[in-house]
Structures are given as structure tokens and as C-alpha cells.
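Chemist: For the record, the sequence lines run as chains A and B.
Position 63, counted from 1, in the first sequence is what full-length UniProt numbering calls 63; the numbers after and before it change by one each time, with no gaps.
Position 345, counted from 1, in the second sequence is what full-length UniProt numbering calls 345; the numbers after and before it change by one each time, with no gaps.
Take these hints with a grain of salt, some might be off.
BS3-like mimics (lysine-lysine), calculated; alpha carbons at most 30 Å apart, straight line [what the hints assert, rightly or not]:
{"#": "1", "chain 1": "B", "residue 1": "LYS20", "chain 2": "A", "residue 2": "LYS380"}
{"#": "2", "chain 1": "B", "residue 1": "LYS368", "chain 2": "B", "residue 2": "LYS118"}
{"#": "3", "chain 1": "B", "residue 1": "LYS25", "chain 2": "A", "residue 2": "LYS131"}
{"#": "4", "chain 1": "A", "residue 1": "LYS260", "chain 2": "B", "residue 2": "LYS368"}
{"#": "5", "chain 1": "A", "residue 1": "LYS20", "chain 2": "B", "residue 2": "LYS6"}
{"#": "6", "chain 1": "A", "residue 1": "LYS25", "chain 2": "B", "residue 2": "LYS260"}
{"#": "7", "chain 1": "B", "residue 1": "LYS6", "chain 2": "A", "residue 2": "LYS46"}
{"#": "8", "chain 1": "B", "residue 1": "LYS25", "chain 2": "A", "residue 2": "LYS20"}
{"#": "9", "chain 1": "A", "residue 1": "LYS6", "chain 2": "B", "residue 2": "LYS20"}
{"#": "10", "chain 1": "B", "residue 1": "LYS131", "chain 2": "A", "residue 2": "LYS25"}
{"#": "11", "chain 1": "B", "residue 1": "LYS6", "chain 2": "A", "residue 2": "LYS235"}
Distance windows between CB atoms, simulated [stated by the list, open to error]:
{"#": "12", "chain 1": "B", "residue 1": "GLN327", "chain 2": "A", "residue 2": "GLY319", "range": "20 to 30 Å"}
{"#": "13", "chain 1": "B", "residue 1": "GLU134", "chain 2": "A", "residue 2": "GLY49", "range": "32 to 42 Å"}
{"#": "14", "chain 1": "B", "residue 1": "THR64", "chain 2": "A", "residue 2": "ASN379", "range": "48 to 58 Å"}
{"#": "15", "chain 1": "A", "residue 1": "LYS80", "chain 2": "B", "residue 2": "GLY33", "range": "40 to 50 Å"}
{"#": "16", "chain 1": "A", "residue 1": "SER135", "chain 2": "B", "residue 2": "GLN327", "range": "52 to 62 Å"}
{"#": "17", "chain 1": "B", "residue 1": "GLN327", "chain 2": "A", "residue 2": "PRO241", "range": "30 to 40 Å"}
{"#": "18", "chain 1": "B", "residue 1": "LYS235", "chain 2": "A", "residue 2": "GLU363", "range": "47 to 57 Å"}
{"#": "19", "chain 1": "A", "residue 1": "SER135", "chain 2": "B", "residue 2": "GLY89", "range": "28 to 38 Å"}
{"#": "20", "chain 1": "A", "residue 1": "VAL375", "chain 2": "B", "residue 2": "GLN327", "range": "49 to 59 Å"}
{"#": "21", "chain 1": "B", "residue 1": "SER32", "chain 2": "A", "residue 2": "GLU363", "range": "48 to 58 Å"}
{"#": "22", "chain 1": "B", "residue 1": "ILE325", "chain 2": "A", "residue 2": "LYS368", "range": "55 to 65 Å"}
{"#": "23", "chain 1": "A", "residue 1": "SER117", "chain 2": "B", "residue 2": "GLY89", "range": "33 to 43 Å"}
{"#": "24", "chain 1": "A", "residue 1": "GLN327", "chain 2": "B", "residue 2": "GLU342", "range": "32 to 42 Å"}
Hints in this document: simulated from the structure, not taken from any laboratory.
The structure presented is a predicted model; accordingly, all values stated were derived computationally and were not measured.
Glycine included, C-beta positions come from ideal geometry on N, C-alpha and C.
These are the residues of each chain, in order.
2 protein chains.
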Amino acid sequence: MLSAMKNFNYANITRIVFGKGQIAKLPSLIPSGKKVLLTYGGGSIKRNGVYNQVMDALKGYSVTEFSGIEANPDFDTVVKAVDIVKKLGIDDTFLLAVGGGSVSDGTKFIAAASKYSKTSDPWDMVTSGGKGIESAVPMGCIMTLPATGSESNNGAVLSRRALHAKCAFNSQFLFPQFAILDPETTLSLPTRQTANGVVDSFVHVCEQYLTVCMHADVQDRYSEALLNVLIDNGKLVMANPCSYQARSNIMWAATQALNKWICQGVIQDWSTHMIGHELTAYLGMDHARTLACIQPRVLRYQFDAKMMKLAQMGNRVFGIPKGIIPQMAMETVDRIEQFYEETMGVPTHISQYKVPQDRAWIEEVVKKFTDKKVVLGENKRITPEVVGRLIEDSY
Amino acid sequence: MLSAMKNFNYANITRIVFGKGQIAKLPSLIPSGKKVLLTYGGGSIKRNGVYNQVMDALKGYSVTEFSGIEANPDFDTVVKAVDIVKKLGIDDTFLLAVGGGSVSDGTKFIAAASKYSKTSDPWDMVTSGGKGIESAVPMGCIMTLPATGSESNNGAVLSRRALHAKCAFNSQFLFPQFAILDPETTLSLPTRQTANGVVDSFVHVCEQYLTVCMHADVQDRYSEALLNVLIDNGKLVMANPCSYQARSNIMWAATQALNKWICQGVIQDWSTHMIGHELTAYLGMDHARTLACIQPRVLRYQFDAKMMKLAQMGNRVFGIPKGIIPQMAMETVDRIEQFYEETMGVPTHISQYKVPQDRAWIEEVVKKFTDKKVVLGENKRITPEVVGRLIEDSY
Numbered sequence: 001m002l003s004a005m006k007n008f009n010y011a012n013i014t015r016i017v018f019g020k021g022q023i024a025k026l027p028s029l030i031p032s033g034k035k036v037l038l039t040y041g042g043g044s045i046k047r048n049g050v051y052n053q054v055m056d057a058l059k060g061y062s063v064t065e066f067s068g069i070e071a072n073p074d075f076d077t078v079v080k081a082v083d084i085v086k087k088l089g090i091d092d093t094f095l096l097a098v099g100g101g102s103v104s105d106g107t108k109f110i111a112a113a114s115k116y117s118k119t120s121d122p123w124d125m126v127t128s129g130g131k132g133i134e135s136a137v138p139m140g141c142i143m144t145l146p147a148t149g150s151e152s153n154n155g156a157v158l159s160r161r162a163l164h165a166k167c168a169f170n171s172q173f174l175f176p177q178f179a180i181l182d183p184e185t186t187l188s189l190p191t192r193q194t195a196n197g198v199v200d201s202f203v204h205v206c207e208q209y210l211t212v213c214m215h216a217d218v219q220d221r222y223s224e225a226l227l228n229v230l231i232d233n234g235k236l237v238m239a240n241p242c243s244y245q246a247r248s249n250i251m252w253a254a255t256q257a258l259n260k261w262i263c264q265g266v267i268q269d270w271s272t273h274m275i276g277h278e279l280t281a282y283l284g285m286d287h288a289r290t291l292a293c294i295q296p297r298v299l300r301y302q303f304d305a306k307m308m309k310l311a312q313m314g315n316r317v318f319g320i321p322k323g324i325i326p327q328m329a330m331e332t333v334d335r336i337e338q339f340y341e342e343t344m345g346v347p348t349h350i351s352q353y354k355v356p357q358d359r360a361w362i363e364e365v366v367k368k369f370t371d372k373k374v375v376l377g378e379n380k381r382i383t384p385e386v387v388g389r390l391i392e393d394s395y
Numbered sequence: 001m002l003s004a005m006k007n008f009n010y011a012n013i014t015r016i017v018f019g020k021g022q023i024a025k026l027p028s029l030i031p032s033g034k035k036v037l038l039t040y041g042g043g044s045i046k047r048n049g050v051y052n053q054v055m056d057a058l059k060g061y062s063v064t065e066f067s068g069i070e071a072n073p074d075f076d077t078v079v080k081a082v083d084i085v086k087k088l089g090i091d092d093t094f095l096l097a098v099g100g101g102s103v104s105d106g107t108k109f110i111a112a113a114s115k116y117s118k119t120s121d122p123w124d125m126v127t128s129g130g131k132g133i134e135s136a137v138p139m140g141c142i143m144t145l146p147a148t149g150s151e152s153n154n155g156a157v158l159s160r161r162a163l164h165a166k167c168a169f170n171s172q173f174l175f176p177q178f179a180i181l182d183p184e185t186t187l188s189l190p191t192r193q194t195a196n197g198v199v200d201s202f203v204h205v206c207e208q209y210l211t212v213c214m215h216a217d218v219q220d221r222y223s224e225a226l227l228n229v230l231i232d233n234g235k236l237v238m239a240n241p242c243s244y245q246a247r248s249n250i251m252w253a254a255t256q257a258l259n260k261w262i263c264q265g266v267i268q269d270w271s272t273h274m275i276g277h278e279l280t281a282y283l284g285m286d287h288a289r290t291l292a293c294i295q296p297r298v299l300r301y302q303f304d305a306k307m308m309k310l311a312q313m314g315n316r317v318f319g320i321p322k323g324i325i326p327q328m329a330m331e332t333v334d335r336i337e338q339f340y341e342e343t344m345g346v347p348t349h350i351s352q353y354k355v356p357q358d359r360a361w362i363e364e365v366v367k368k369f370t371d372k373k374v375v376l377g378e379n380k381r382i383t384p385e386v387v388g389r390l391i392e393d394s395y
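The following block holds chain A by itself, in its conformation from the complex:
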């Protein structure tokens, strides 16, 4: 047990513009004279009216569109936009990402790759975790799918399906200038995406909180605050998808969950995400659903390291009475699974999803982790062999 929080250095410049009708504020947020490159996904923003709101607000701007950014954005897709930015003029362009975290993440790649000159291949920028990024084209986000927190942090995750790769990168230059969060744009989200967003946000908090106890009380209590909000409003939104109250609380909690605030000064453990990314890369599973499968196994395997925090979470989040610590902690893991399964309707076993029968891919993951010398967990106990076993256990 550590006795107090660690030193930290943190700033987050992203302006949050929250609420109904805020898309109309775009002209106050994008400098006049900039050419806007509007990035989005498969077109859901045209069906839900967001596209029209954006185009109305951008009257007077020169707008170019780049659509087709897929869930788990692919290098081979977004790299095509870099040439568009160069044609528009790197210094004249403002990137506006409209959609979910995938669009925001893909747009962060475009923002950085357009100015990347360290090597001739911008994929290097991604695999190095963002090293070599020395500036970026300015960008803003209109977030329509609360989940990743990408709208107000400086990180992104990019996939490259051709290589079965999914990599995270970040840079101080990748904070969006602003994030417009209008809960009304989320009222029409399908149940599956709504549930995914809540589970994803919930796990984000856990990765920063369910580690070793170090008496960083503000961070702990903030994290517990967010977990409580996600549980309360997860229930509410499943019963009443049109509740602005639930949608607004989920949206604000999702941003807070990963704006890199609650992780300052504490030890984190992103094992669940690191393993989960592989399930997406090999099985094509939704990101949040990989987390729901992997996290309970990680928590049980790392039980000794996380026990005190699990018990604390059980008491403060699930209302488990104070008692014998290991029992409280064990019950907390069960309650997390129940929350995913019963409240949010998100199964916690890979076999409950439509995925290929073949499990040979697990060996590939083990080999890849071994080659890269990846060892996970706050105590480095999750070796590549353990990763393989945890994935097997998740079926």
C-alpha cells in the first residue's frame, strides 16, 4: 500500500460546449477564414439530423467532407485524408470530427500525420505511441456517441486490419480545441451502442481506479462518483432511451472518465484494454464487449493486488456492507459482471457472441506479446502465457 498520490503535471485545454442546440455555436469556435475538413463515419449523422445542423452552422465556411471512418478506425482509411489536408493547405485547415470516438481518433491521426515529418511513413508515428509528433492541424469534435472520452483527451487508438494491429498513441498536440456535447444527438442511438458506451466508460474508470490503494482520495472518490453515475443512468437509459436526463449524465460522465483527470497521481492498469484490443483485431468484436469479457478475468487473476480497491468499490459503489475484505472484493467482481449482463445487456463471455469457432488466433496473440515482450498488470504478473489463458477463460 502506498501512502499518498504521486507527483503529476496536467493541463487540458479542450473547451467543453455542452447541451441542447450547441452545434449552432460552431462559428464562435472555428476561426473564420479556416477551411473546414468535416470528418465522419458511415452516415448515421445524416440520418439523425446532426449533419444538417453542422452544415447550417458552417454557412460561410468552405467545407470539404471526408466520410467513411469506420468503427475502430483503420490506418488505410484515414491516411487517405492526409492528402486532402495537404491540398487544402495545412495551415489553412481546421478538422471537425463529427461522430463517436472512432471518428475523433481517426481525425487525431489525420491532424498529426498531416504535419508528421520524422519518417516517411506515418504508421511509425502510431506504433511509436506518438513519438515524433511535434505539431498537429487544429481540430474540434462534435461527439455523438459518448464512450471514449477522445473528445477531450490527447490520445487515440488506430487499427490496421491488414496487419491485425491496434495501437494507441498520444501527444500534447492532440487535445481537440473544443468538444461539443449535445445529449439530444444521442437520443436516437441504438440500444447496443448505448450499452457499449456505458460499459466502455465504466471500464475506463476501472482501469484508472481498480489498482493498488494509495490514498489518493480525490481521484478515488471522483472515480466512484463516475461509476455511480454510470450505473444509475445506465439503468435509466435502458428503461427510457429518450431520457435527456440519463443521456446528459452519461455523456458528461463518459467525457470525465477519460479526460485523463482521474488518473493523475495514481497507478493505472490498462491490461483489460490491451487484451481486449486483440479480440477486436482478430474477432471483430465491439470494443466495449471485449472489455466486458476480459475485465472480470483480469480482476480475478489480479485479485491480491486489487483486493483493497475492489472492496472499497464494493462498499462505495455497490453498497456492499463493510465486512471481510476478500469477500467484499469477490462480491464486487460478481456485481460488475451482473451490471454488464443484467443491467446493460452486454454478455461477458466470448462464446455468447457470433465469432469464428477457431481459437488458433490466441496462440498468435501470445506469440506477438512474447515477441514484443509485453507484460501487463500493476505488478507485471500478466505474462503473454497468462494473456492466452485469460482469453481462453473468457470464452
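Knowing the structure of chain A, use the given hints to seat chain B on it.
Modeler: What follows is chain B alone, placed relative to chain A:
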């Protein structure tokens, strides 16, 4: 009861540099070539070693000193520094405030007044609440007395004793560029200042939280998180003033309490502060102690408006079992008073402090509020006459 949070627009650019030894990072935070105007108070930073740390870190910079900024900084004191900035060169100067909230607030005045040109008298800038501020000299803070949150917000409070005046003002240009928060600098704080800081932060949270219920769950739970942290670590620091753990948690909570995050999208009620300021202006009482006297009276007078939130606070902060709402709410007010009196050693009646016997000043306050047409409270029920009665009740 309102059904969901209101729209908001928020950004906070202040970089937080938190932890032991962080003062040494100053050269990475102040552009080289800037002339530093170091502002501080009565010299406690010389006794506790902070001054030497700062001067060591600033080797290579041209440093000018402006000391003597008093608690509740006075216009007639800080206005003298404006000429110094002008002599150093407005565009060449960087203001570095070292001390508590009073030094930070006074320095914000200097930052804005040095560039103020709307009228010939910078007091107008204060009395107008900050209107007319169009830019400011850049500043940073080294906060050594956690309480006001001034180190990472854009507001300040200035007194003018000659006029019995105490006014708040703010501007988007008044966010410090950075705030260095080293809990070690607070280990030697006297008990009274330590207790004042905890109570002040606690009331800051309450002014943004103990209002009408509007289902802004993130804001509510964040506020409750901070209240819990302040209670837990308030106890700890009174028993063990040298606890880095307690000092670090209090320091971080105090910043969060007033960085204008928890108030976004909710209704606030700063009645306690507005009335408390008058006790400081007329009786010279410590700011936090005025709040401890006034707040319980405001909460009881505004009981109907605040009852739901008081009951919620009672359950989530003081662990009062759920039951009959008005009883829970009533008990919550009692528990707040007990926290100030018993845990923090801060009396909640004016007569417990050494103040002049004469109460004629109350009539002056009532007259002043009447002349200015000040009406307080989320439901505007606190008229000037009521202010007078609440002050009488606080004796």
C-alpha cells in the same frame, strides 16, 4: 425540481504541477527572457523555505519583488504594483504569485489592471465584476495555502478597506498559466489557517451543490466526493498536521472545489459568501470563519429550497440513513455545524470571536444591500432585511 443539467461552456487552461519539489520546475513554465515580478504576502514564504526554493529555481531570470499583499488583499496595496509592471514593461513581465489565495487574487488584479484602459480608475474594473478586462499580463501561482481555488480559476476578490468594500471580479483572461501545488509547503501551516482552508473549501463546494435538485448527477457526485475528502482529511490533518497524505488530499480537493468545474450546468447560491464578505469588511474576521457563522443560518432559512439536496448530502456524505426527508435535511445542517465546531475547531457564532460589541454596522449592511438592490438565494427570498436578521442570528 428541474429535470436535467443546463447548457454550459467551460474551459480551464491552467496547468497543474502537483507534488513534492515541483517548484524546481519553474524554468519549464516561465518563458525565458521574461522579467519575473514575484508577489507575496507578509513573509511567511521566507520562514518556510518556499522563497529560497523559488529564488533557486529562478536563477537566470531578472526577478523583482512586490511583498506585503495582506489577507483579503486591499486595492490600495496592490494598485501600487501596477506602476512596477509598467516600469518593467507590460509585455516583458511575468507575474508569479507565491502564497495563498489572497496573493493570487491580488496578483490577478495587478495582471488585469496593468492592461486596463477602459476607464482611468482600475477600481471600476473591480466594482463592475471584471467588465472591461480585455487582456492581462500572464501569471502563474505557487499555492501554499489550499483554500480559495484561485490558483486555477479566473476569479478574484478584492477589498478596499477605506470604503468597507469587498468585491468579486472575473475574466477569461485571469486563469493562471500554471499552478504549482506542493503539499510539503503546507506542512508547517498553523492550525488556524489549516482549519480555515478546509472550511473555506467545504463551503465553496456547498455553494455550488446545496441548492435545488436538478439531476446533474456528475456534478452532484463530484461535489459529494470533495465533501467526503475534506471531512476525512480534515480529521486526519487536525490529528496529524505533518501527514503528507492529508495535506495532498486537502490541497487537491481545495483546487477542485473552486476551479469552476462542479458548478457547470447547475444552479448556484453564493449567499453565504456574499453575507460573509461583510463580516470580514466590518469585523475583520477570517473569511472561512465568517462562512462557518453564516452558512448554517442560510441553510435553515432556505430550508424548503435546499431540503432535497440537504437530505441527499446527509445520506451520501454523513451516512445518515434514508428516511423522512425533512428530518434527514435538518440533521445534515447540524452535522455541518458539528464538522466545523468539533472536527475543525472553527466556532459557528460571531460572539465566539474577538469582535467589537457594537452591532450598528449591521444596519449599514442592510442599507448598502438595499441601495444596491441586492437580493440573494436561489429563490430570491434573502432580502436586505433578511440579511440583517441572519447576521443577528449568527451572533
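Chemist: Work down the list of hints and note, for each, if the structure agrees.
Modeler: Consistency of the hints with the structure:
1. B:LYS20 with A:LYS380: holds (27 Å)
2. B:LYS368 with B:LYS118: Distance of about 26 Å is within 30 Å: holds.
3. B:LYS25 with A:LYS131: The given pair, whose Cα atoms are some 23 Å apart, holds under the 30 Å limit.
4. A:LYS260 with B:LYS368: violated (46 Å)
5. A:LYS20 with B:LYS6: holds (9 Å)
6. A:LYS25 with B:LYS260: holds (21 Å)
7. B:LYS6 with A:LYS46: holds (26 Å)
8. B:LYS25 with A:LYS20: violated (42 Å)
9. A:LYS6 with B:LYS20: Roughly 9 Å between the alpha carbons, so the hint for A:LYS6 and B:LYS20 holds.
10. B:LYS131 with A:LYS25: Judged against 30 Å, a Cα distance of about 23 Å means the pair holds.
11. B:LYS6 with A:LYS235: Between B:LYS6 and A:LYS235 the Cα gap is close to 22 Å, so the pair holds against 30 Å.
12. B:GLN327 with A:GLY319: 20 to 30 Å: holds (21 Å)
13. B:GLU134 with A:GLY49: 32 to 42 Å: holds (38 Å)
14. B:THR64 with A:ASN379: 48 to 58 Å: The hinted range 48 to 58 Å holds for B:THR64 and A:ASN379, with Cβ atoms some 51 Å apart.
15. A:LYS80 with B:GLY33: 40 to 50 Å: holds (43 Å)
16. A:SER135 with B:GLN327: 52 to 62 Å: holds (60 Å)
17. B:GLN327 with A:PRO241: 30 to 40 Å: holds (36 Å)
18. B:LYS235 with A:GLU363: 47 to 57 Å: holds (54 Å)
19. A:SER135 with B:GLY89: 28 to 38 Å: Given about 30 Å between the Cβ atoms, the range holds.
20. A:VAL375 with B:GLN327: 49 to 59 Å: Check passed, 55 Å falls within 49 to 59 Å.
21. B:SER32 with A:GLU363: 48 to 58 Å: holds (55 Å)
22. B:ILE325 with A:LYS368: 55 to 65 Å: holds (57 Å)
23. A:SER117 with B:GLY89: 33 to 43 Å: holds (37 Å)
24. A:GLN327 with B:GLU342: 32 to 42 Å: holds (34 Å)
The structure fails to meet hints 4, 8 from the earlier list, while all remaining hints are met.
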